[in-house]
Each structure stands twice: as structure tokens, then as C-alpha cells.
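Residue numbers (numbering that gives the first Met the number 0): 0 to 305.
It should be emphasised that the hints constitute simulated quantities derived from the structure, not laboratory data.
Beta carbons are placed, not taken as given, at the ideal position from N, Cα and C, and that holds for glycine.
A few of these clues could be false.
Below, in silico cross-link-like pairs of lysine to aspartate or glutamate (DMTMM-like), each with a Cα-Cα straight-line distance of 20 Å or less [what the hints assert, rightly or not]: (1) K73 / D132; (2) K164 / D266; (3) K164 / E294; (4) K73 / E46; (5) K164 / D290; (6) K164 / E203; (7) K164 / E209; (8) K73 / E142; (9) K164 / D299; (10) K164 / D267; (11) K73 / D137.
Cβ-Cβ distance ranges computed for the label pairs, FRET-style [as the list claims (entries may be wrong)]: (12) P155 / S120: 34 to 40 Å; (13) H128 / L52: 28 to 34 Å; (14) C32 / H128: 14 to 20 Å; (15) S184 / K73: 45 to 51 Å; (16) Q119 / G140: 23 to 29 Å; (17) S120 / R183: 45 to 51 Å; (18) G236 / D76: 32 to 38 Å; (19) P35 / E72: 20 to 26 Å.
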Amino acid sequence: MRALQSLPPLISLNAFEAAARRLSFRLAAQELCVTPSAISQRIQNLESNLGVLLFHRRTRSIALTSEGQALYEKVHDAFELLRTATAQARAYASQRSTVTIALLASFASRWLAPRLPSFQSAHPAIDLHLRPDISLADVAGGEVDMAIRYGRGAWPSVRSLQLMKERLSVVCAPALLEKATALRSPEDILGFPLLTSHTQQPFEWQAWAEHFNVDLHGIRTMHLHDYNIVVEAALAGQGIAMGRHRLIARHLRSGALIQPLPHAVLDDPTIGWWLVLPHEALRHEARAFRDWLVEMARVDLLGDMH
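Turn these sequences into a full structure, and let the hints guide you.
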């Protein structure tokens with residue numbers, strides 16, 4: 000009984016895990032079907048219970064403290080076990096099949112999620128378990144059925160199939176340039192903060208800078224946890240981001256983000272979104288998702304031609 004009593008309320012731990020994973024009270028609230036203020040209150044209760052500060056709270060973002068990061072790594076693993084166990088139990092009880100896909104949260108929310116209803120309609124007996132994470136899941140070892148990764152491909156011990164090439168250009172909010180001289184050449188970005196997302200293999204800013212002969216040494220850089228946060232920071236006018244057009248097309252169409260250097264666009268055929276598969280044959284359910292995903296990517300590419 001004492002062991003149970005020593006635990007903080009699970010409802011607070013659940014709110015903390017969701018907010019830490021997404022680095023957003025708002026997105027955590029959407030995931031847990033509560034209000035952002037409820038998430039904030041539950042995390043405050045957890046901080047009071049533990050006696051430590053878990054988040055640095057900023058005007059438009061949050062970041063984990065060192066204590067919060069340490070707690071998150073353990074709590075996340077625990078909730079992953081609970082989610083996996085629950086999903087397995089439900090699948091067994093209902094004779095449904097689950098396909099697990101590892102991917103970046105930005106790709107999941109900005110490209111994949113709006114298209115998922117068509118898969119669910121065509122395959123109502125297949126449940127998709129999306130695992131948004133920056134770290135690379137072990138596809139070869141069977142940790143997930145497949146992964147969707149961003150980069151140049153050629154990951155070891157797996158098969159890689161390019162789904163879509165990515166178009167890269169610097170983007171920002173129109174307000175960022177209202178009180179500044181217009182950008183006329185790629186070197187003009189050096190007067191602004193650059194927004195970058197955490198990645199195990201950073202390359203896109205370097206690739207763009209090398210292509211357009213820009214020296215980024217010493218430039219002010221804001222390192223953010225996830226590309227979703229990069230986009231939100233750019234929309235808020237906090238700096239210049241490297242725009243991944245597959246993910247920000249809606250903001251470019253609306254004018255919320257602009258390309259201050261419309262001719263400085265990098266179309267490197269090796270940079271894009273890749274479907275990563277094990278060498279072993281896929282289960283029938285996983286093949287169904289793979290085929291659907293390849294078709295959705297093909298439709299997206301055809302849209303570029305019109």
C-alpha cells in the first residue's frame with residue numbers, strides 16, 4: 000500500500016508525459032481531450048508533489064528542465080509499456096491487427112494525419128499505432144513494423160524507399176521583415192536568427208548554405224526540440240526557418256509564411272521523406288499500409304504538376 004501511496008497522481012503523470020513528449024500544453028490537451036489550463040494545473044500539482052520544476056515556461060513555448068528531462072525518460076518508457084500492453088490486449092480481444100509506424104511528430108501531424116481517414120475507411124480492421132519520436136526506432140529489430148524518416152536515405156540494416164522529395168527554402172512570417180531591409184541575396188539571412196530543430200544528423204541548413212555559398216559560421220541560432228516548434232516559432236516572427244514544403248504548404252498558400260528569397264530554393268533529389276522497411280517480408284496488414292502510403296505520396300507528387 001505504501002508503494003502505491005508514494006506515487007504522484009497518475010492523471011498528473013499522464014499530463015506531464017504528453018506535454019513533455021509534444022513540448023506543448025495545447026497539443027497535450029488535444030491528445031488527452033482536456034483544456035490546456037487543465038494540463039497546466041495537473042503539471043503544477045505534479046511539480047508541487049515532487050518539489051521540482053519540470054518545465055521552463057516561455058511566452059510561446061515550453062522546455063524541459065534537467066529534472067523534467069530525467070523524469071520524462073522514465074515516465075515515457077512506462078507509458079509506452081502501458082500503451083503497448085493496452086493495444087495488444089485490445090487487439091487480442093477484438094481480433095484486430097495493429098501496424099506500428101515510427102515517424103517524426105511534424106510529419107505525423109502536418110502531412111499524414113489529414114490523410115488517415117481514407118486508410119481507416121479502406122481498412123477498418125487495421126489499427127495504426129503512430130510513434131512520433133526524434134530518435135530512430137529499431138526497424139530491423141522489429142521494434143516497429145516500419146518507419147518514415149527524413150533525410151538522404153541509406154540507413155544501415157534496413158531497406159529505404161523514397162516516398163517524396165523535399166523542397167527547401169528559407170521562410171518566415173511577413174511581420175519579421177516589416178522593420179528590416181528586404182532580403183535580396185542568400186547572405187542577407189545572416190542578420191536574423193535561424194530556427195533549427197533537433198536531429199541526430201543535421202544537414203538541411205548546411206546543404207542549403209553550401210548550395211548558395213553562404214557561410215553560417217557564428218550566426219545566431221535557436222535550437223528547438225521538434226520541427227513543429229520551428230514552424231510555430233517562424234509563424235510568431237521569432238526568426239527564419241528552413242521550410243520543408245511538404246509540411247508547410249498550407250502556411251505558404253495562406254501567406255502566414257513567405258519565402259523572402261523565392262529563387263534560393265534547394266531541390267536536392269536525395270533529400271526527402273523515406274519509408275524504412277525491414278529486410279524481412281511484411282505482414283499482410285503492414286503491406287496494406289505501405290501500399291496506401293506509397294499511393295498517397297504519389298498523389299501528392301502529382302499535385303505538384305498541376
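Status of each hint after checking the structure:
1. Taking the CA atoms of K73 and D132, the gap is near 15 Å; set against the 20 Å cutoff, the hint holds.
2. Note on K164 and D266: the hinted pairing holds, with a Cα-Cα distance of about 8 Å set against a maximum of 20 Å.
3. At most 20 Å may separate the alpha-carbon atoms for a hinted pair to count; K164 and E294 meet this at roughly 15 Å.
4. For the suggested pair K73 and E46, the alpha carbons sit about 16 Å apart, so the restraint of at most 20 Å is met.
5. About 18 Å separates the Cα atoms of K164 and D290, which keeps this hinted pair within 20 Å; it holds.
6. A hinted pair counts as satisfied when its Cα atoms are at most 20 Å apart, and K164 with E203 qualifies at roughly 13 Å.
7. Of the pairs offered as hints, the one joining K164 and E209 holds, with about 19 Å between alpha carbons and a cut-off of 20 Å not exceeded.
8. Taken as a hint, the K73 and E142 pair is honoured in the structure, with Cα atoms around 18 Å apart against an allowance of 20 Å.
9. For the hint linking K164 to D299, the alpha-carbon distance of about 11 Å falls within 20 Å, and the restraint holds.
10. At most 20 Å may separate the alpha-carbon atoms for a hinted pair to count; K164 and D267 meet this at roughly 8 Å.
11. At most 20 Å may separate the alpha-carbon atoms for a hinted pair to count; K73 and D137 meet this at roughly 19 Å.
12. Range check, P155 to S120: about 36 Å between beta-carbon atoms, so the 34 to 40 Å window is met.
13. The beta-carbon spacing between H128 and L52, approximately 32 Å, falls within the hinted interval of 28 to 34 Å.
14. With their beta carbons about 18 Å apart, C32 and H128 fall inside the hinted range of 14 to 20 Å.
15. Take S184 and K73: their Cβ atoms lie about 49 Å apart, and the range 45 to 51 Å holds.
16. The hint said 23 to 29 Å for the Cβ distance between Q119 and G140, and at roughly 28 Å that hint holds.
17. Taking the beta carbon of each, S120 and R183 are about 49 Å apart, inside 45 to 51 Å as hinted.
18. As the Cβ distance of G236 to D76 is approximately 37 Å, the hint placing it in 32 to 38 Å holds.
19. At about 24 Å, the CB distance of P35 to E72 agrees with the hint of 20 to 26 Å.
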